[in-house]
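Q: Residue numbers (the UniProt record's numbering), protein chains in the order written: chain A, 1 to 127; chain B, 1 to 401.
It is worth saying that the hints were derived from the structure and are not from the lab.
Be aware that a few hints might be false.
Here are some chain B residues the structure puts well away from chain A; computed CB gaps all over 10 Å [to be verified]:
| hint | residue |
| --- | --- |
| 1 | GLN63 |
| 2 | GLN168 |
| 3 | VAL211 |
| 4 | LEU241 |
| 5 | ILE325 |
For the chain B half of the interface with chain A, some residues (derived, Cβ under 7 Å), not all of them [stated by the list, open to error]:
| hint | residue |
| --- | --- |
| 6 | ASP139 |
| 7 | PRO224 |
| 8 | GLU226 |
| 9 | GLN230 |
| 10 | VAL233 |
| 11 | ASN236 |
| 12 | GLN237 |
| 13 | ARG240 |
| 14 | VAL245 |
Where is the CB? At the ideal position from N, CA and C, for every residue including glycine.
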Amino acid sequence: MNSNNTGKRKILIADDDDDSRVMLSFLLEEEGWEVKEARNGEEALETVIKEQPDLLILDNRMPKLSGVEVYQRLQAQGIKIAVVLATAHGYLDDLASSLGIAHFIAKPYDIPELLRTIESAYKSSFS
Amino acid sequence: MSPSEIDVLEARRIYKSTGAIPAQMLRSNIYRAWERSHLQGANPQALQAEKLSILDTERLIEQKQTLIQVAAPYIRMLSQAAGTDRHAVMLGDSNAIILDVVGDKQTVQGPEPFPGPGSLLSEAVAGANGIGTPLAEADYMEIISAEHFIDGFHPFTCQGIPLRDDKQEIIGVLSISLRRADARQRLKEILLCASHGVEAELLIANLEKDVRRVLESNPNEYQPLEELRQDIVQANQAARLKLEVISRMVAGNRLDYAIQLLRQAEQSIQIFRRRAEIWRNLASFEIGTLQPVSLTANISDLVDLLSTEAAVHQVQVVTDWYEPITVVADPRSLLRQLLHYFLQAFDSAGKGGRVKVVVKLISHSELVQISFIVNSVFNISQSTPTFQVFYLPTTKIKDEQ
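The following block holds chain B by itself, in its conformation from the complex (with noise of 0.2 Å):
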């Protein structure tokens, strides 16, 4: 027993016998977790958590379906990663009520009562513990056996993060509990992974509202956003396909390809979303305010959105610039007359073509020239190519100094 365990233990018999928290005993996050449990009443003696009736967790569970479904393959692929070990893993919402839960035989239905659906784990009613502490710090968190403040939970170390909407919003946790607490570790970093997944899949369930948008109101725009939705999917495809193999060899203790793996996972998952927020830019109807824009990033952002239809068009695209550049526009409305163009240069450069979009300063102007040159490959040793041309005003940062 390391000195730390030796440390909890005694902090447990001295809050049990004295009801005071020696805060040097526990590390700084257990101890908070530990005093608001005990400010909100939670009973360290507990042996089981408390449970809304079978009616309200039907009702809540069938609120919840959608983020059920989203996390199914998720929670399946994290107990995968467990494999014989003797684990949980659980999927809470945001009030720290069990949505669902999967593992082992014996861990789920065996004769110790593990939480199941409708058990509420909120600190207030458990005390710290794996899915109402993540929320209540809003961030992961780790839960060693007797940190735990109630009795029942000791058996377990519990690790969980809570998941977020686009909007940052915490809408849930997902969480693992394992008999073994070394088996913690190696399932860290998929559990992060996974919830990064799910958060992605979510925003996958937008994007699919914002296409249905954007074929009711404006259907001539509908088929290029569309096609980059689909290519947008893919990124996350990738992420799901990888964190499937990672869990198979995590299972098989094959770590050090898996942990090689989990870093591209979550490149992928990162790409994903940045692809996904420049695609609700575009799918946007909005009209925002004119404001300092960077016109190069913008066109990076593009290039690499349209990577899929520049290779299904077979067109090179190339970039020019010396420097990067910002101008004055309403980002929303620069990044669609961008895709217009980018199109409409596909189209004119057909299979073999190449496009160059090149962004220059004007000399002694406040103008920004943007020109799409389209070589196809029957006017490639043409002097003339096809432009495209265009100016906006820009903006100088300014020296801080």
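Same shape as in the complex, but just chain A (with noise of 0.2 Å):
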């Protein structure tokens, strides 16, 4: 999923926590990236659809659908895109290994850390 009118790179974060979400978008636009919101699992998924975002940040504990049954019916719906879990869930590692999650960072994370974890997952869509 690639949709570029703008020039800049799409991204979509969906966490239903108001503050960190503003302060991501915030920190994402000085990074140049086009930044689309959704404050829960259903929005993130009607978002996908309508904004072809290139990347998603994906939280996992969500209203209306978990960050989980997000991805995994854009799976089932065939919509490629690059994720990155961002969640501080007590097993990360196996929650995103049992997804096929390559890219994933535990909350609290370091927005250097999260940059870099973007950049690969942005990179690896391509590949």
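Each chain sits in its own coordinate frame; assemble them with the hints.
A: Here is the structure:
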């Protein structure tokens, strides 16, 4: 999935925590991304279909579909999108590998680390 | 040069020539620091700090790896906020030995010897300074240029604050040194917030240990506690993101918005701390003693803690009582019991349902009735919603008069 009308790379942040979403949007916009936001799993799914972002930052604990459910539905619908799973899950490695998600980061994360993970996921989506 | 700076220079001259510290010429906490430095034999003429051997430094850094890793993002953010000003952000251990330093290249790697890992900055060795003095005072301290006890530190204005563990014991110190004295004020609040951020990260490491312990000894209780832990970590994540934005804004001189955000970041850390404290009681297997406990405050705390859980289940939670009510109970058992009822009620209410918790005193008795009233979308029109009711003995707070 790659929509680039503005010439900017487009990223979707799916997180139910308003503060985190707003701050992360600010930081990613500074990094040159066009940012879209989703407050719950259902919105995330709708926004992926509508906005066709290049990358999805996916929280797990969300109302109206968890991150895992969002990812599974995207897979079921054959929607290919680079995903970074960003959660405080106690066994994040196991969760990510059980879903086949290669790029993940444990909360609380540091921004440079997140940016590296995002870049790596974005580049991998072309290979 | 302000009169106080003249006083400090004059105080130094007098001290160096007579050995007496003129108290009236120094801020009281600086006077105390000089006195401690003098009594412990620090040399005011020294130009640099003493250091551990390379081997001892490596050993120490190995031992303190957790603290160094936990503090690293906050040190980076502080350095980012200092921007192009000449500066160094330091992490020290509880003995005032430097563990990590980050700053601009000229300061940290320049020709002037700036204290690096392994440097001994206790007041006994290096006199009043931004690492040793906050530890000696057990509080935030600022040491402005000539207020440093040894000559070698005079180009810098330093601020430091002790870092504490969950038992309030000091485990280290976070400090920032700046060449431009006027740059210090805009960094003070960030330093304080960052120190609380580091302390919150250390608490998270403890929550991880608690989770593993619960999983090993009581797998049935693991899942809800693990989910609550994830929700608690979210508050700290929000604080960390705010600090990241703040540090970028301060570096770019967008100070007004940064100050507003700082208050919010501090608030997020406080929320995290309060929730982590409740969580620790929930995850504890210890049986406490019967004592007066605020039942209504405990329920309010749990409602707050369970806000994400309620949102995930799409359940509305309502509480109902006329006045704060205290009961006699084991606080930890009570909290776990309440959590158990809440989670059962969420399941029973289902998506779109409502859970109402009513607390009321039973007249002519010493009992309090706690009712969990569940309305699911399927029974919302029925006259008899689901009930969970239990009773606890009350205690009346005696009037002190």
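Q: Once the closest CB in chain A is found, is it more than 10 Å from B:GLN63?
A: holds, 23 Å
Q: The hint names B:VAL245 as touching chain A; please verify it with the least Cβ-Cβ distance against 7 Å.
A: Because about 5 Å separates B:VAL245 from the closest Cβ in chain A, which is inside the 7 Å limit, the hint holds.
Q: Measuring from the C-beta of B:GLN230 to each C-beta in chain A, is the shortest one below 7 Å?
A: holds, 4 Å
Q: Is the hint on B:ARG240 kept, meaning its closest Cβ partner in chain A is under 7 Å away?
A: At 5 Å from the nearest chain A Cβ, B:ARG240 passes the 7 Å test, so the hint holds.
Q: Taking the least C-beta to C-beta distance, is B:VAL233 closer than 7 Å to chain A?
A: holds, 4 Å
Q: Beyond 10 Å from chain A, beta-carbon-wise, is B:VAL211?
A: Label violated. Min Cβ-Cβ 6 Å, cutoff 10 Å.
Q: Classify the hint on B:GLU226 as holds or violated, based on whether any CB of chain A lies nearer than 7 Å to its CB.
A: Status holds, d = 5 Å.
Q: With a cut-off of 7 Å on the beta carbons, see whether B:GLN237 makes it to chain A.
A: holds, 4 Å
Q: In terms of Cβ atoms, is chain A entirely out of 10 Å range of B:LEU241?
A: violated, 4 Å
Q: Can B:ASP139 be said to touch chain A, with a Cβ gap under 7 Å?
A: violated, 27 Å
Q: How about B:PRO224: closest beta carbon in chain A under 7 Å, or not?
A: violated, 12 Å
Q: Would the non-interface assignment of B:GLN168 survive a Cβ cutoff of 10 Å against chain A?
A: holds, 22 Å
When held up to the earlier numbered hints, the structure conflicts with 3, 4, 6 and 7 and fits the remainder.
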